[in-house]
Amino acid sequence: MNVGLYVWQRLTAALMVPLVLVHVVVIFYATRKGMTAADILARTRGSIAWASFYGAFVIAVAIHAGIGVHNVLTEWSPLKERSAGIFASGFGLLLLLLGARAVAAVVLP
Amino acid sequence: MSDRRSELTVSLWRGAQQGRYQTYKVPWRENQTVLDVVTFVQRHLDPTLSYRFACRVGMCGSCAMTVNGRPRWTCRTHVASVVKGGCLEIGPLENLPVIKDLAADMRPFFDKWQRAKGAFVPSPTRNDEIEHIRPDSTARIAADAAIECINCGICYAACDTVRWNSDYLGPAALNRAWTLVNDVRDGGNTERLQAVAASGGCHACHSHQSCQELCPQRLNPTASIAGLKRRTMWAYLKGEI
Chain A
1 MNVGLYVWQR LTAALMVPLV LVHVVVIFYA TRKGMTAADI LARTRGSIAW
51 ASFYGAFVIA VAIHAGIGVH NVLTEWSPLK ERSAGIFASG FGLLLLLLGA
101 RAVAAVVLP
Chain B
110 MSDRRSELTV SLWRGAQQGR YQTYKVPWRE NQTVLDVVTF VQRHLDPTLS
160 YRFACRVGMC GSCAMTVNGR PRWTCRTHVA SVVKGGCLEI GPLENLPVIK
210 DLAADMRPFF DKWQRAKGAF VPSPTRNDEI EHIRPDSTAR IAADAAIECI
260 NCGICYAACD TVRWNSDYLG PAALNRAWTL VNDVRDGGNT ERLQAVAASG
310 GCHACHSHQS CQELCPQRLN PTASIAGLKR RTMWAYLKGE I
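Chains as they are written, first to last, in our numbering: chain A, 1 to 109; chain B, 110 to 350.
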């Protein structure tokens, strides 16, 4: 890992600390209140706040996990730096696409 | 000394990268070091045994070997403190190629000192005044804490990250770089920070702290590496490297 990857991984980790806490609180709130899928969608659809919140979350996860996978591959697999970088970038991109699709599903009107 | 008996069973690595442990019986003596045991084998039992030592007093860093699974300076390690069931298993340092028997090839270790820019780069000329360095300055205190490395390679052999990632510079080279980063007389810090911030540099460290646990000089390379992580991060954010 070089200093650029190190900084990005730490920055995204710092960003995710409050995001994870809010996400967990939201889960508890939604389940304890017995909210249905329709109730939740009614609140999230068209909401710029929720789109921003989970959009930032997905971007942070994709960057953070991609760098982590890159580190694991360079240390634990026979892959070289470049190959591990390509694989990890693909993994991060996949997370980004899947996450963006999920966010779009709940926030687009 | 509950483990005391009349003789020791000593298994020594014989061969190069490929080889096997060979067992010898060595008399148990009071106050003998692991290096004494190896020397006894070479002088009395098998003169073909190869190993490396020089000062015998813990200054030169030549005699490090793997003793019962852990890297140690053998000249200052008493047998009584490491023997298990009357047995000693002694091999060459790990994470380095083996030349023969107990002698590891230290070239990769010192090559990485070069890669980490571990050489002092003088900045003033002989015509300039000698730099006055206050012993209680923050930089000098940080350098002092890390300066007494004897290049024995124990931290390098103990490091899990070196084992996983052959590109990793290792604790000793990074510790050396940290002493120079804190030397106000040095003029090579931009290149040094670039070198230790690259892939295989300080950010590869997982802070397992085996280096500081086993360092015979009781240095803390993990702390030095943490210092490099902070220093390189700020240099990166400021666009200096």
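Since the hints were made in silico from the structure, they are not lab data. Each hint should be verified, as a subset may be incorrect.
Claimed, not checked - To give an idea of the interface, some chain B residues facing chain A are shown, with a C-beta separation under 8 Å as derived from the structure: (1) Y130; (2) S275; (3) A306; (4) A307; (5) H312; (6) A313; (7) S316; (8) M342; (9) L346; (10) G348.
Cβ coordinates follow ideal geometry from the N, Cα and C atoms, glycine included.
Problem set entry | Non-conforming hints, listed in increasing numerical order | The structure conflicts with hints 1, 2, 7, 10, although it agrees with all the remaining ones.
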